[in-house]
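Generate coordinates for the entire structure from the input sequences, incorporating the hints supplied.
Just so you know, the sequences run in chain order L and V.
With the numbering used here, letter number 41 in the first sequence gets 41, and the count goes up by one each step, no holes.
All you need for the numbering used here is the position in the second sequence, starting with 1, plus 160.
A hint or two may mislead.
Restraint-style ranges between C-beta atoms, simulated for each label pair [stated by the list, open to error]:
1. L:Glu24 / V:Pro252: 21 to 29 Å
2. L:Arg31 / V:Pro252: 19 to 27 Å
3. V:Arg239 / L:Gly141: 39 to 47 Å
4. L:Ala22 / V:Ile308: 28 to 36 Å
5. V:Thr268 / L:Arg95: 23 to 31 Å
To be clear, the hints were calculated from the coordinates, so they are not data collected in a lab.
Keep in mind that this is a model prediction, so the values were computed, not measured.
Glycine is no exception: its CB is placed at the ideal position from the N, C-alpha and C atoms.
2 protein chains.
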Amino acid sequence: MKFLEDIRVGDKTELGRHTFTAEEIKSFAERFDPQPFHVDAAAAARSHFGGLVASGWHTGSICIRLLVQHRLREEDAMRARGEAVGRTGPSPGFRELKWVKPVHAGDTISFASEVIEKRAALSRPDKGLVLARNTGANQAGELVFSFISILFVDRRVTGG
Amino acid sequence: MKFLEDIRVGDKTELGRHTFTAEEIKSFAERFDPQPFHVDAAAAARSHFGGLVASGWHTGSICIRLLVQHRLREEDAMRARGEAVGRTGPSPGFRELKWVKPVHAGDTISFASEVIEKRAALSRPDKGLVLARNTGANQAGELVFSFISILFVDRRVTGG
Chain L
1 MKFLEDIRVG DKTELGRHTF TAEEIKSFAE RFDPQPFHVD AAAAARSHFG
51 GLVASGWHTG SICIRLLVQH RLREEDAMRA RGEAVGRTGP SPGFRELKWV
101 KPVHAGDTIS FASEVIEKRA ALSRPDKGLV LARNTGANQA GELVFSFISI
151 LFVDRRVTGG
Chain V
161 MKFLEDIRVG DKTELGRHTF TAEEIKSFAE RFDPQPFHVD AAAAARSHFG
211 GLVASGWHTG SICIRLLVQH RLREEDAMRA RGEAVGRTGP SPGFRELKWV
261 KPVHAGDTIS FASEVIEKRA ALSRPDKGLV LARNTGANQA GELVFSFISI
311 LFVDRRVTGG
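See below:
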């Protein structure tokens, strides 16, 4: 992870995109969210969604995967340049998770992350807190998913 | 789902318990949250966690599974008694998700859900909104996980 001092409010990262297939939607939901409109195409067609939709926790888990993969790639690149890499986390939680629109089978969601706040951690002089708004938009450009993550990150200069 | 009129603030439901094995922690995290302290026992031992811990999204997904399974069982029992069953959802999102303490490999987490607020939906005369605090506690009785879910539910009497 970058150090607190190297993270700027307004930094925006495109995390990549993911297509939610019917197979994958059903597979995730059978394990974690077995509601009819996530696991049964016929029942989903009769529901208020009109067809199979992804579990909101599936959408969230894919966003986390893309966030983590981006960070690991960034850390590899920093190490390749001989730079120090700060430790990440833990995360105390997150805020205001919104499933704005359904993610239908076949939808391709583009995820992004924007830093909206950073500050020193009151309890830990060696740490800072970074807040980011993480979003997903579908192939029509409509926002479908949003949450604010909170993460502890290392400070380069402690107690400064 | 029960109808809005049949749900009371203060209703508390024990959802069941789940043991997070090292195998399952790694399997979830390899797919969705491949941070070293979730997928690699040796790296986890060197981290601030001191050992393998579950992805927070894994903990959340298990909680959702237990919530949904409880609701489906409840609906089956209502149908067996000849009662009408209200439609569930959608959920617009949730609030204040907190990973209070780590979930270590081998921990058994007991999940529960308590209704903290209910009200008519301003936009939909046939619907109400129910807010519940969902929690997980480990085998030592320590709170490890908490979030507030928001769910649309059917009203038995509309426009009343």
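**Request:** Any hints from earlier that this structure breaks? Give me their numbers in increasing order, please.
**Result:** Violated hints: none at all, because every hint is consistent with the structure.
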